[in-house]
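Fit chain B to the known structure of chain A by using the hints.
Chains as they are written, first to last, in the working numbering: chain A, 313 to 781; chain B, 313 to 781.
Just so you know, the hints here were simulated from the structure itself, not pulled from any lab data.
Heads up, some of the hints might be wrong.
[Said to hold, decoys possible] Some residues of chain A that are not near chain B, with every Cβ distance over 10 Å (derived):
(1) Asp328
(2) Val448
(3) His628
(4) Lys696
(5) Ala710
[As the list claims (entries may be wrong)] Residues on chain B that point at chain A, a partial pick, calculated with CB under 7 Å:
(6) Thr493
(7) Ile494
(8) Asn496
(9) Lys504
(10) Asn687
(11) Leu723
(12) Gly725
No residue lacks a Cβ here, since even glycine has one placed at the ideal position from N, Cα and C.
2 protein chains.
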Amino acid sequence: MSKDWLNALQSQFGNDRVMTETKDTHSYSFDASFGSFVPEAVIQVYTKEEIVKILKVANEYAVPVYPRGQGTSLSGGPLPVKGGIVIDMAQWDNDLKVYPEDLIVVASPGVKTSAINEAAGKYGLMYPPDPSSSHVSTIGGNLAENSGGPRGLKYGVTKDYVIGLEVVTPEGEIIRTGGKTIKNVTGYDLTKLIVGSEGTLGIITEAVLKIIPKPQFSKTMMAVFDSVVTSGEAISKVLTSGLLPAKIELMDQASIEAVENFKPIGLPVNAEAILLIEVDGHEETVNEEVNQIHGILNELGATDVVIPETKEEEQHLWMARKLVSPAITRVKPTKVSEDATVPRSQIPQMIEKLNAIKEKYHVNLVVFGHAGDGNLHPNIICDKRDKEEMIRVEKAVAEIFEAAVSLGGTLSGEHGIGTMKAPFMEMELGKAGLDMMKRIKKAWDPNDILNPGKIFTSDQNNELVLSHG
Amino acid sequence: MSKDWLNALQSQFGNDRVMTETKDTHSYSFDASFGSFVPEAVIQVYTKEEIVKILKVANEYAVPVYPRGQGTSLSGGPLPVKGGIVIDMAQWDNDLKVYPEDLIVVASPGVKTSAINEAAGKYGLMYPPDPSSSHVSTIGGNLAENSGGPRGLKYGVTKDYVIGLEVVTPEGEIIRTGGKTIKNVTGYDLTKLIVGSEGTLGIITEAVLKIIPKPQFSKTMMAVFDSVVTSGEAISKVLTSGLLPAKIELMDQASIEAVENFKPIGLPVNAEAILLIEVDGHEETVNEEVNQIHGILNELGATDVVIPETKEEEQHLWMARKLVSPAITRVKPTKVSEDATVPRSQIPQMIEKLNAIKEKYHVNLVVFGHAGDGNLHPNIICDKRDKEEMIRVEKAVAEIFEAAVSLGGTLSGEHGIGTMKAPFMEMELGKAGLDMMKRIKKAWDPNDILNPGKIFTSDQNNELVLSHG
Numbered sequence: 313m314s315k316d317w318l319n320a321l322q323s324q325f326g327n328d329r330v331m332t333e334t335k336d337t338h339s340y341s342f343d344a345s346f347g348s349f350v351p352e353a354v355i356q357v358y359t360k361e362e363i364v365k366i367l368k369v370a371n372e373y374a375v376p377v378y379p380r381g382q383g384t385s386l387s388g389g390p391l392p393v394k395g396g397i398v399i400d401m402a403q404w405d406n407d408l409k410v411y412p413e414d415l416i417v418v419a420s421p422g423v424k425t426s427a428i429n430e431a432a433g434k435y436g437l438m439y440p441p442d443p444s445s446s447h448v449s450t451i452g453g454n455l456a457e458n459s460g461g462p463r464g465l466k467y468g469v470t471k472d473y474v475i476g477l478e479v480v481t482p483e484g485e486i487i488r489t490g491g492k493t494i495k496n497v498t499g500y501d502l503t504k505l506i507v508g509s510e511g512t513l514g515i516i517t518e519a520v521l522k523i524i525p526k527p528q529f530s531k532t533m534m535a536v537f538d539s540v541v542t543s544g545e546a547i548s549k550v551l552t553s554g555l556l557p558a559k560i561e562l563m564d565q566a567s568i569e570a571v572e573n574f575k576p577i578g579l580p581v582n583a584e585a586i587l588l589i590e591v592d593g594h595e596e597t598v599n600e601e602v603n604q605i606h607g608i609l610n611e612l613g614a615t616d617v618v619i620p621e622t623k624e625e626e627q628h629l630w631m632a633r634k635l636v637s638p639a640i641t642r643v644k645p646t647k648v649s650e651d652a653t654v655p656r657s658q659i660p661q662m663i664e665k666l667n668a669i670k671e672k673y674h675v676n677l678v679v680f681g682h683a684g685d686g687n688l689h690p691n692i693i694c695d696k697r698d699k700e701e702m703i704r705v706e707k708a709v710a711e712i713f714e715a716a717v718s719l720g721g722t723l724s725g726e727h728g729i730g731t732m733k734a735p736f737m738e739m740e741l742g743k744a745g746l747d748m749m750k751r752i753k754k755a756w757d758p759n760d761i762l763n764p765g766k767i768f769t770s771d772q773n774n775e776l777v778l779s780h781g
Numbered sequence: 313m314s315k316d317w318l319n320a321l322q323s324q325f326g327n328d329r330v331m332t333e334t335k336d337t338h339s340y341s342f343d344a345s346f347g348s349f350v351p352e353a354v355i356q357v358y359t360k361e362e363i364v365k366i367l368k369v370a371n372e373y374a375v376p377v378y379p380r381g382q383g384t385s386l387s388g389g390p391l392p393v394k395g396g397i398v399i400d401m402a403q404w405d406n407d408l409k410v411y412p413e414d415l416i417v418v419a420s421p422g423v424k425t426s427a428i429n430e431a432a433g434k435y436g437l438m439y440p441p442d443p444s445s446s447h448v449s450t451i452g453g454n455l456a457e458n459s460g461g462p463r464g465l466k467y468g469v470t471k472d473y474v475i476g477l478e479v480v481t482p483e484g485e486i487i488r489t490g491g492k493t494i495k496n497v498t499g500y501d502l503t504k505l506i507v508g509s510e511g512t513l514g515i516i517t518e519a520v521l522k523i524i525p526k527p528q529f530s531k532t533m534m535a536v537f538d539s540v541v542t543s544g545e546a547i548s549k550v551l552t553s554g555l556l557p558a559k560i561e562l563m564d565q566a567s568i569e570a571v572e573n574f575k576p577i578g579l580p581v582n583a584e585a586i587l588l589i590e591v592d593g594h595e596e597t598v599n600e601e602v603n604q605i606h607g608i609l610n611e612l613g614a615t616d617v618v619i620p621e622t623k624e625e626e627q628h629l630w631m632a633r634k635l636v637s638p639a640i641t642r643v644k645p646t647k648v649s650e651d652a653t654v655p656r657s658q659i660p661q662m663i664e665k666l667n668a669i670k671e672k673y674h675v676n677l678v679v680f681g682h683a684g685d686g687n688l689h690p691n692i693i694c695d696k697r698d699k700e701e702m703i704r705v706e707k708a709v710a711e712i713f714e715a716a717v718s719l720g721g722t723l724s725g726e727h728g729i730g731t732m733k734a735p736f737m738e739m740e741l742g743k744a745g746l747d748m749m750k751r752i753k754k755a756w757d758p759n760d761i762l763n764p765g766k767i768f769t770s771d772q773n774n775e776l777v778l779s780h781g
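Chain A extracted, bound-state conformation (with noise of 0.2 Å):
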């Protein structure tokens, strides 16, 4: 390669720190979730100052720019659709202190999520966003795609815990967003436009994060359900009972199974739903709490509730949720991951359309996830080597996408739009609400340069990824 941006890259980093060799631009090109683009430079940065380098560099000669955490995203967030140069946030993890006076932490772009929560717990404190992905993911990666996580359901997802940002913009100028306090109406909330904007509007190289105080004592129920629907009404009444579990999570009978075939921890594979659900608090209210859901679950219909009675038997079944993104995919090679959300009531008409959607197109659809607040997440299992298999799974998710906007829900709850859900934004925003968003995308970054081809369709995307991934 003789480019002149990538001259320009290698004359200010050298050309040890510009890798383009085949080995190395491989590894940053897939993520968690489908397709696969190989960039054609990736550097590794430890500051900001490096990445306002590569921002100039990339403006001057109209390439585009794709910032990476850890790369488990399933939504494409990270993927170089459009080639160019990849930066590897992952590696500048070394910053991170917790000011417990202040409840806030202060985060490098690459410290994964779970390091920060275990730094918070020295003071008594927790970080509570929780994706499944949290001991691999970056903190940078989750802010990026605003990630959610069981605890979701009570403590709110990524952006409920954000507060200020150090952010390079798309043209590389250094900007802070928020600051230290808990609350700020200084301006307008460029905080909470960054989180969330996949990668689009400027790359976060500093976090403010809350913190709060670790409730003291926490209790996991499993309701057994010979329905999937009743099961979601169980998780109405609950919801509308003055109750607010951490946790309600959702797994299918075809979850329970790929689990129990995974790794068998004796979950009931009969049943057509289980839901675990964890109260945490006060000891006295959270044991009477449990009280009052166990009596809901069995008045709605639940044919057995176990409430394990040690930390061990807990965990155990807290793994079993975790384990069914890699269980199902042992039965095929692909999985499909959605992540369609719902308002809380419409639960049961979103679990009827996805089983018509299932038998409609014969797909083996799988549904699991964070119930509680309407985030289900059916994932289609097969095998993207299988043309004809593809083409009835791209029409079941076409139709996943508008079941949920039907029922008054949105296209994603917590995994983002990437590449895939990028044709289907005007059908829940409309023309004028779409446009909104460009303007904003264009007034930050007017040549284009970063996360291109993410969440707005362009001529390289305009159909879904699914049949040419």
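Only chain B this time, still in chain A's reference frame:
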């Protein structure tokens, strides 16, 4: 008047609905902040289509448009500083619907904030944001300004409860942002961008608000201190002990005295500060936490801790806090109300800085407010007719902003920027940070017709508004 834009409005709305007489326009010339600006026309609206019509005319003729709720803003949000059209949104108060199963409320912009909480209360639910003006102010105004209130300490502010909006853009397009789901990562978070944008990015015509189970029990306590700084240390200690009261409010000696002069209820007038603390939740938990807090307050040097035994006594204490604002204006007619906010650990330092500013400029500075989240309300009581005094007040205000920013804080925690704090934006945000905000404004409102003169300085507004308000 025979202006073209006025003719255009009159031909669409009829002469009666376009109010231009001084007796009408003067009613819309002020808010709860400083300064008075008379608009050229006022229209009371009841539908989004009416707003679209007004904005189309405004863009065609480049006339400024100022949306307005009940005018309780403390930062000049609705002031028609460049004349033009005021849109009175407060009459549009007829839509308020609770969806208990989805834990949401849908409201039209003119609904009073307290009415939302009352409606939710019928289902055992609550809408937590509780600005002091909630019985008067509209939800539309609260959304535009991202209002806070005492309960913000535990429950967060307006923005934390908004999940969807219907908005008319500055150019008159109707868009929907977010939706009815708790989680949503479909594109940029326009909802949280618009909330708190002080009516400069769009006019909110409907809001979908999250509601939560109402805590079953609460208890209030009053702690008396002979040093304001010590009271700040006590707050810090409580919050880092794993305890999260619903409210921690501070009143300094000047506030206590003003209230006792206004309506005597037996507050300790010799104390340098009192803290009013409310703990809510499950009854046993509340009682245990009140005991823990009591212990901390004693340890940190409270000279007295009073726990009211009846709800009536509790209400007296909270009424005292609400009376601070009206009470202090008895001393002198003009109240310059600030809400600079600092990280929680910096509360004692901020109080010391405020004391120094009070001495330096010989101003009548009263400090009270939401100390638990670092959001103090330093108020300067003065007389705007006294030019010499107002110059000292201006200098003191500027120094309050500088003090907050130097401690890692922000110009405004909940009142907003409006006109008065606009000249200080760059001090906090830097040139590049402010520029990124301006880019959004310009991209959304190319003709600068929506609430111009707010947040950003313009030719007409490049200094403190005090001395010519």
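We went through each hint and held it up to the structure:
1. Asp328: Check passes; 31 Å lies beyond 10 Å.
2. Val448: 20 Å, holds
3. His628: Per Cβ check, A/His628 is outside 10 Å of chain B; nearest 27 Å; holds.
4. Lys696: 25 Å, holds
5. Ala710: Consistent with the label, A/Ala710 stays out of reach of chain B, its closest Cβ about 15 Å off (over 10 Å).
6. Thr493: 5 Å, holds
7. Ile494: 4 Å, holds
8. Asn496: With Cβ-Cβ at 5 Å, under 7 Å, it holds.
9. Lys504: 4 Å, holds
10. Asn687: 5 Å, holds
11. Leu723: At about 5 Å, which falls below the 7 Å cut-off, the nearest Cβ of chain A leaves the hint on B/Leu723 intact, so it holds.
12. Gly725: The hint holds - B/Gly725 has a Cβ within 7 Å of chain A, the shortest such distance being about 4 Å.
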